[in-house]
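*Asks:* The listed protein sequences derive, respectively, from chains A and B.
Every letter in the first sequence is one number past the one before it in the working numbering, and letter 323, counting from 1, is 303.
With positions in the second sequence counted from 1, the corresponding number in the working numbering is that position plus 35.
The set of hints was computed from the structure by calculation and includes no laboratory data.
Ideal Cβ placement from N, Cα and C applies to all residues, glycine included.
A portion of the hints provided could be inaccurate.
To be verified - Calculated pairs, SDA-like style, for lysine to any residue (alpha carbon to alpha carbon, straight line, at most 20 Å): (1) B/292 - A/14; (2) B/335 - B/366; (3) A/208 - B/195; (4) B/148 - A/328.
Said to hold, decoys possible - Per the computed footprint, the stretches of chain A lying under chain B, defined by three or more beta-carbons under 8 Å from a beta-carbon of chain B, are: (5) 11 to 21; (6) 59 to 65.
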Amino acid sequence: MDEWKQLIFNDSSSLSDIALQVFEYQFEHNPVYRRYCVALDDISASCETELVSESESKNVKEKILNRVRDDITSYPLLPIKAFKDAAVTAHPSQETELVFKSSGTSDMQRSIHQVHDANLYDQSLLKGFQHFYDLDNAVIWGYTPGYAGNPHSSLIYMIQKLIDQDNSGLSRFLPLGEPVNPNAIKEVQRQGKQLILFGAAFGLLDLLEIDDFNLPSNSIVVETGGMKTHRREITRGELHKRLAKGFGLDGSRIHSEYGMAELLSQAYASGKWFSTVPWMQVTIRNPENPNKVLPPYQEGVIGIIDLANVHSCSFLLTADKGVMDNKGRFQVLGRWNPKDLRGCNFLIDED
Amino acid sequence: MADIQKRINTLLEATQNWLSGDNLYLKDAIDQTVREGYFSFEDVNFAIEAINKSISRSAIEAWVDRAGLGDESNASQKNVLCLHAGNLPLVGFQDAFATLLSGARYTGKISRKDPYLLPTFLNEVKKTDMWSDMDVQWTHRLDDFEGMPHDAVVFAGSESSVPGVKEAIEKLSLNHENTRLLIRTAHFSMAYLDRKDEQTMSDLTEAIFRYGGMGCRSVAIVVSPFSLDEIRGELADQVKTYWLENPQHEYPSPKIKQQFAYNEAVERPQLWLEYFLLQEGGFEFDQDFVCYWVQGDQSKVAEFAEQFDKQLQSVYVTDSEKAIDGMEQQVELLQNAQQPSLSWKPDGVDTLTWLQD
Chain A
-19 MDEWKQLIFN DSSSLSDIAL QVFEYQFEHN PVYRRYCVAL DDISASCETE LVSESESKNV
41 KEKILNRVRD DITSYPLLPI KAFKDAAVTA HPSQETELVF KSSGTSDMQR SIHQVHDANL
101 YDQSLLKGFQ HFYDLDNAVI WGYTPGYAGN PHSSLIYMIQ KLIDQDNSGL SRFLPLGEPV
161 NPNAIKEVQR QGKQLILFGA AFGLLDLLEI DDFNLPSNSI VVETGGMKTH RREITRGELH
221 KRLAKGFGLD GSRIHSEYGM AELLSQAYAS GKWFSTVPWM QVTIRNPENP NKVLPPYQEG
281 VIGIIDLANV HSCSFLLTAD KGVMDNKGRF QVLGRWNPKD LRGCNFLIDE D
Chain B
36 MADIQKRINT LLEATQNWLS GDNLYLKDAI DQTVREGYFS FEDVNFAIEA INKSISRSAI
96 EAWVDRAGLG DESNASQKNV LCLHAGNLPL VGFQDAFATL LSGARYTGKI SRKDPYLLPT
156 FLNEVKKTDM WSDMDVQWTH RLDDFEGMPH DAVVFAGSES SVPGVKEAIE KLSLNHENTR
216 LLIRTAHFSM AYLDRKDEQT MSDLTEAIFR YGGMGCRSVA IVVSPFSLDE IRGELADQVK
276 TYWLENPQHE YPSPKIKQQF AYNEAVERPQ LWLEYFLLQE GGFEFDQDFV CYWVQGDQSK
336 VAEFAEQFDK QLQSVYVTDS EKAIDGMEQQ VELLQNAQQP SLSWKPDGVD TLTWLQD
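Let the hints inform the model, and build the full structure from the sequences given.
*Replies:* Printed below as a string of structure tokens:
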């Protein structure tokens, strides 16, 4: 397992080279992904035979490898909902070290991500964070529920790990529903540290409603999404404005994190546009033909290669709507909601 | 003679003239519709034949009686705007017919996706003495009616489309402060299949595949005691026959292949039919040309009916004795899925009754 970590987080190898090896590994060991690739490659053959022979399967793998050597965007992207419907793992018969589940109510079907190498996730989240921020000088606060009560949240696990890196004793989860202690803020300032506060959209707004307080001007607030709940909805732009005003910060200090239970890497944004870590790549796909990559500034579905997912599936099509600029950065525009289908529907522009 | 009776007689006459074999206008409209690729010849013919079968004096009179329409109670003096969708051939016919039957003045926005067929019927109506140019007006551009306020507006919509339509109505001053809106939101129907004889399988095929599965009367969910695996042979044979007689007009996007591959990946039973996919469970309703199969009994039908509520148009059963708890108003025979009666109720609302209120 250590070999994968050395390979994935090694700056000297390109993402496309490592992706080839990860694909071969996952095609061999992850039955869900293999079946997906084989069926996508030849529907008629898949319909006619119950079992795909080993040689046919090998042919498909070779075909895909030949294709992706020229074009990294042509890996088959497994719809991320597979984490709800199947065990997406390259170790189907082994115990897992961690299990992450997507958020949701008890009667909702939730994604389950079996994490076979917790240390790989640790490295991914820490190296990823360090790629964007100065972790050594940071005090991490999480205004979220704590890890003990939420062992299946990849986000809370991440915040806990970031907190654990700080020896100052100042990093911690803030108690929910309580005002922030002004002395704690002063102590961060006194030690010359940078405060980085994580929280979900409405959690942070709720924190502001408890009490008025300003954060030191060099602080960063990282919102982790959740702009739409069953009760409330807010745009990212409006959220950032309210957070900046509420915490007394410049707008540029309000950042965003894009992550999910199904991914072991995160992207961060210091404005509208998210950037990825070197072992992650984002493309925007045509929703009607996800094999096709859309040009910059055209909205579509976010496709992701996340090499840190080596033990599950690294080639994924999310259910999120996004758009990319010509620098390879992307925006997340909410969930992809297909147009209203089937029924009669009078549309001003079409009818 | 009472006004209502005159309207019935006149509409019957207009419809008969419209549907008569020597109506060259209708023939031309069909030809143009097919030639320009709006719909297949088979689907257009089927839609016209379904209307033909549904219209008779007794059917109209029964509808009028049920709706309580008469000389005392009607919609005369009202201006009614019908915004017709164009996803199926002549999908707006019932709204236009009901409006005229109610005694209201009809204003129609004809769909650009079905531009030729309905106007040929409206022209036959205008040839009669009963309706003048002022009483029956239509256009393909909504802004042609700018500044004409209406007492009622009838259209089909959805969560995402309704705000835009309302905004356009306001902007073009097509309403006044008391204008009523009849908005239909149902998107699909469900079938309960408890037998698999040839006729039932043929009816099911028609209910799922007619018009490429479009329209709220098309079946998107089948609940059956049989699993998809048990029935795949019979269904595949029926579909082949159906498509030989009714070639598919529109084709699914490549995304459907991804859904097929996905089902294989998660080992979900499915039936791939080239232009259509049937799969067991996994409701998403995020693409056309997919029908969902669920093994279950009538209680499962009732459960889904509650779950899908406003999205659901009708529940089809194989015989009239079959009851679905809580769905008494929405249960219809499977064989009528694509051939509804003249007085069928979109979204469970009788248009004729609604227009009088």
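*Asks:* Now tell me, hint by hint, if it's right for this structure.
*Replies:* Structure-based check of each hint:
The hinted pair formed by residue 292 of chain B and residue 14 of chain A meets the criterion: a straight-line CA distance of about 16 Å does not exceed 20 Å. For a cut-off of 20 Å, the pair hint linking residue 335 of chain B to residue 366 of chain B stands: about 15 Å separates their Cα positions. Simply put, residue 208 of chain A and residue 195 of chain B have alpha-carbon atoms about 17 Å apart, close enough for the 20 Å limit, and the pair holds. The hinted pair formed by residue 148 of chain B and residue 328 of chain A meets the criterion: a straight-line CA distance of about 12 Å does not exceed 20 Å.
Using a Cβ-Cβ cut-off of 8 Å, 8 residues of the region 11 to 21 of chain A lie near chain B, which meets the minimum of three, so the contact claim holds. Requiring three or more residues with a Cβ within less than 8 Å of a Cβ of chain B, the coverage given for the region 59 to 65 of chain A holds, as 4 such residues are present.
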